[in-house]
Amino acid sequence: MANLVEDLETYFLSLTATNPICSNFGTTFTSNTNLFIVVEPASPTNSLTIIPYGGSPPDTRHREAQYPSVQIRIKTNTAAKGYKTGQAVINTMHLNDRVGSNIKMKCFVKSSAPIFLKFDEEDYPVWVINLDIMHVQYSVS
Amino acid sequence: MPGPSGKMPTAAAFPARRYRTVKQEALNKMEGDIKALMRSLTSITDPMSFYRLWTEHTTRALIAFCWDVLDHAVARTPYRSGELRSSGLVTIRTGAKQISGTVFPAVDVRADRRGNWELRTHTSSIKSPAALITAEISFEKIDDGKDIALWAHEELLGYEERAAGKRADKGRTTKYYAAKPGGYGVGTGPKYLEGPYLEKVGHFAGILQEATNFAIREYNRKSGQRVRRR
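Chains A and B supply the protein sequences, listed in that same order.
Its first residue numbered 86, the first sequence is counted upward by one per residue in the working numbering.
Its first residue numbered 152, the second sequence is counted upward by one per residue in the working numbering.
Don't read these hints as lab results, they were simulated from the structure.
Just so it is clear, CB atoms sit at the ideal spot from N, CA and C, and this is done for glycine as well.
Misleading hints may appear alongside valid ones.
[What the hints assert, rightly or not] Far from chain B by the CB rule (all over 10 Å, computed), these chain A residues:
1. 111
2. 118
3. 145
[Claimed, not checked] Facing chain B, a subset of chain A residues (Cβ under 10 Å, in silico):
4. 119
5. 120
6. 124
7. 125
8. 156
9. 203
10. 215
11. 217
12. 219
13. 221
14. 225
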């Protein structure tokens, strides 16, 4: 039974080394090694974390349509690397409709450039990108 | 530029550096397509009078909507000193547009949550016709060069969820814990502006429709015409 977070995780795992996101990040993604869900661990230094949050209410006319939001959080050892990776995420994810496994889905990025959030406790820069997702609701059965 | 009273706005009213954080997510931009609206109505004998009424009612409806969003956003805004909460502001701007050879100037109205209005630049009131009305809801707090408003809005990871780690310190490895975020009271947290905005923006189309209907009714009352939507 798939869900939004798993589909996003699968999408990032499928990216090859030549994809702009991976080439700017420096490597491909591996679950719980440099790709995380909800919680961004203190290590490794370079990581991408997918954090879902509420978004807009479901559609009132087409009850199958849902509009969650997702934050992509990028932590890297240098600010330039984080910025370039974030911009590659924006370029790739905006209007992307290839993420959903068995459902229709489209992604809309909310900002044209990554947002610098802060330096974490070890002084590594953290960038965030927010997305609105529009998708047909996942089956829960 | 002086206001209608001839007095200049004070520097305190308009800080020299107004940093609009979270603007991108809260910006509510509405382009009033006057020509499309006019096509949808039966013939109007005095279009400029109608333009003015439509601009006034639409602007007031937009302000009311933004105040409502701001009210709910303030309740969710983290607080410690209260500076971030009290920085919540609504700014309305009606854009300049040349219509039929006449240029109508821009008006920038700033309204805070106590209902105080301040006109930034204007040569006429909000009753001037406008083809573009922009509303912005913003918060602002900068501390030691850090954008606190932005950080408090975008940091989704709570204190408990940010993992502890180890740091080399004078030749020894010491354990550290994620710094506890200050200022989160009950019911407050991240996305304190985006959340209320997304919850309420679905009602905005209906509010706008009502404002247009008010303008049509008032025009009919004043002109004696019977303008209707086709």
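Hint-by-hint comparison with the structure:
1. 111: At about 21 Å from chain B, residue 111 (chain A) clears the 10 Å cut-off, so the statement holds.
2. 118: 15 Å, holds
3. 145: 8 Å, violated
4. 119: 15 Å, violated
5. 120: Because about 15 Å separates residue 120 (chain A) from the closest Cβ in chain B, which is outside the 10 Å limit, the hint is violated.
6. 124: Result: holds, 5 Å to nearest chain B Cβ.
7. 125: 6 Å, holds
8. 156: Status holds, d = 6 Å.
9. 203: Where the cut-off is 10 Å and the nearest Cβ of chain B is about 6 Å from residue 203 (chain A), the hint holds.
10. 215: 7 Å, holds
11. 217: Result: holds, 9 Å to nearest chain B Cβ.
12. 219: 13 Å, violated
13. 221: Residue 221 (chain A) check fails; min Cβ-Cβ to chain B is 19 Å, beyond 10 Å.
14. 225: With a closest approach of 23 Å, the residue 225 (chain A) hint is violated.
The structure shown violates the earlier hints numbered 3, 4, 5, 12, 13, 14.
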